[in-house]
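Work out the full structure: start from the sequences and follow the hints.
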Amino acid sequence: ELHRMGKMTKSGFVKQEDVKFEDFMDTTFGEIYK
Numbered sequence: 486e487l488h489r490m491g492k493m494t495k496s497g498f499v500k501q502e503d504v505k506f507e508d509f510m511d512t513t514f515g516e517i518y519k
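This note's numbering puts the sequence shown at residues 486 to 519.
For the record, the hints were derived by calculation from the structure and aren't laboratory data.
All values reported here derive from a predicted model rather than from experimental measurement.
The beta-carbon is built from N, C-alpha and C at its ideal position, and this holds for glycine as well.
Where hints are given, some of them may not hold.
Cut-off 27 angstroms, straight-line C-alpha distance, at most; resulting in silico cross-link-like pairs (DSS-like, lysine-lysine) [what the hints assert, rightly or not]:
1. 505 / 495
2. 505 / 492
3. 500 / 519
4. 505 / 519
5. 519 / 492
Quick list of the computed label-pair ranges, beta carbon to beta carbon [as the list claims (entries may be wrong)]:
6. 519 / 496: 28 to 36 angstroms
7. 519 / 497: 28 to 36 angstroms
8. 493 / 516: 23 to 31 angstroms
This is how it looks when you write it as structure tokens:
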């Protein structure tokens, strides 16, 4: 979902630390934790 939204790099390994917390919370999975 984050990749589709353009919030992640286009290639390579992505660590969880590379994803902004606010971007995660804006996903459908993150909505559960609001």
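Verification of the hints:
no. : hint                          : result
1   : 505 / 495                     : 16 angstroms, holds
2   : 505 / 492                     : 9 angstroms, holds
3   : 500 / 519                     : 23 angstroms, holds
4   : 505 / 519                     : 15 angstroms, holds
5   : 519 / 492                     : 19 angstroms, holds
6   : 519 / 496: 28 to 36 angstroms : 30 angstroms, holds
7   : 519 / 497: 28 to 36 angstroms : 30 angstroms, holds
8   : 493 / 516: 23 to 31 angstroms : 18 angstroms, violated
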